[in-house]
Amino acid sequence: MENSRSLFQYLVIATVVFCLLTTAVAVNLLMSSSRQIDNAYALDRAVLEASTLAEGLKSSNGDLSFAAELMGLEYFDIHNRKLTIYYDEDMAVSKEKHSTYRAVIRRKIHDLYIVYNIKFFKNSDMAPEQEPKTADAASDNGQDTDASNTETVKPEPLYALRFKCIRGGGIDVEW
Amino acid sequence: MDITEKKIFTLKIVLIMGFTAVLLLTAIFFALTGVHVYEMSKTRETTQIYVDAASYFKEEIRKSDGNVVRTASLGGLVSALVIEDYRDGQYYETWYFLRDGYLQKAAVQKGTDVSAADTEPVLALSAADFSMPSEDLLRISFTSPEKDAYVFHVHIPDYIGGA
Chain A
19 MENSRSLFQY
29 LVIATVVFCL
39 LTTAVAVNLL
49 MSSSRQIDNA
59 YALDRAVLEA
69 STLAEGLKSS
79 NGDLSFAAEL
89 MGLEYFDIHN
99 RKLTIYYDED
109 MAVSKEKHST
119 YRAVIRRKIH
129 DLYIVYNIKF
139 FKNSDMAPEQ
149 EPKTADAASD
159 NGQDTDASNT
169 ETVKPEPLYA
179 LRFKCIRGGG
189 IDVEW
Chain B
402 MDITEKKIFT
412 LKIVLIMGFT
422 AVLLLTAIFF
432 ALTGVHVYEM
442 SKTRETTQIY
452 VDAASYFKEE
462 IRKSDGNVVR
472 TASLGGLVSA
482 LVIEDYRDGQ
492 YYETWYFLRD
502 GYLQKAAVQK
512 GTDVSAADTE
522 PVLALSAADF
532 SMPSEDLLRI
542 SFTSPEKDAY
552 VFHVHIPDYI
562 GGA
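Chains A and B, in that order, are what the protein sequence lines are. Everything in the first sequence is counted per our numbering, starting at 19 for the first residue and increasing by one. Everything in the second sequence is counted per our numbering, starting at 402 for the first residue and increasing by one.
What the hints contain is simulated information worked out from the structure, not anything from laboratory work. Using N, Cα and C, we set each Cβ at its ideal position, and we do this for glycine too.
The calculated lysine-lysine pairs, modelled on PhoX-like cross-linking and capped at a C-alpha distance of 25 Å, are:
{"no.": "1", "chain 1": "A", "residue 1": "Lys126", "chain 2": "A", "residue 2": "Lys100"}
{"no.": "2", "chain 1": "B", "residue 1": "Lys464", "chain 2": "B", "residue 2": "Lys506"}
{"no.": "3", "chain 1": "A", "residue 1": "Lys113", "chain 2": "B", "residue 2": "Lys548"}
{"no.": "4", "chain 1": "A", "residue 1": "Lys182", "chain 2": "B", "residue 2": "Lys464"}
{"no.": "5", "chain 1": "A", "residue 1": "Lys140", "chain 2": "A", "residue 2": "Lys172"}
{"no.": "6", "chain 1": "A", "residue 1": "Lys182", "chain 2": "B", "residue 2": "Lys459"}
{"no.": "7", "chain 1": "A", "residue 1": "Lys126", "chain 2": "A", "residue 2": "Lys172"}
{"no.": "8", "chain 1": "A", "residue 1": "Lys126", "chain 2": "A", "residue 2": "Lys182"}
{"no.": "9", "chain 1": "A", "residue 1": "Lys140", "chain 2": "B", "residue 2": "Lys443"}
{"no.": "10", "chain 1": "A", "residue 1": "Lys100", "chain 2": "A", "residue 2": "Lys115"}
{"no.": "11", "chain 1": "A", "residue 1": "Lys115", "chain 2": "A", "residue 2": "Lys140"}
{"no.": "12", "chain 1": "A", "residue 1": "Lys172", "chain 2": "A", "residue 2": "Lys100"}
Reference excerpt, derived from the structure (chain A facing chain B, CB under 8 Å, subset only):
{"no.": "13", "residue": "Thr41"}
{"no.": "14", "residue": "Ser51"}
{"no.": "15", "residue": "Asp56"}
{"no.": "16", "residue": "Asp62"}
{"no.": "17", "residue": "Ser77"}
Generate coordinates for the entire structure from the input sequences, incorporating the hints supplied.
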């Protein structure tokens, strides 16, 4: 009688431990899928935003301020030949510099064409005032780029789009 | 039942209640996270529709050198996009406008009035607006039936006419 009671208690404990372990695994999987789907949604919106920003930039002939005006952007920053647009968690343009996402647009003007570089960052991936100033900044100033010379660690963009546009409109080449 | 047995009994009750509470909280957490994942996956599907819509308009506008793009207003109230193209010796106009909760597409010969019979619904929307901030940039603003706003631009290259 005592033995069967003891066995029953072991079984109960084993069942509880098994339930807790499987619950922990399931919670982990669900949280991971939740994170991944949030990231996928952010990526989808970033792709759409980058694509629409690219279209506006093609009409601006390299003038970032004019591009922002053309696209009807209410809030943006132009600093050091770099256009920065801030977005909230729903990818709507925000005036808050510490909002969820930011798009950083750089351009390099050549004689016949302009190269634009659009990068979407998640603000949580970069320090509040961190500027992605490395190879891009150097290339924007026409300097040779060398990643080993960088002072700061470049944050990984959520999405990046680089394209070339013939000056004065017309055909564009994306890559 | 002596005091020790009573304590053990109470402890068992507390453990069972604790275990039930953990299971209940986990079930609530599963339900909430599951709903979030489901909603996000539905939102992703919706977003994809607008990504496809942006690509569709880009393709439609740029598919022919002879295209002319302009915005119009139906009855002074409904914003419309008109893509004019030339094929088989004729000028055609494709109109896009919102009616009955859908973006409607109507392809007619130039100069012909657009009638309800010419239209086909292409996308469920609660609002649509077409404007041209410059002669080479088209702005398309859509509001989904779920009231999410999507704005996208289409650059009109030199070989396409903007009006």
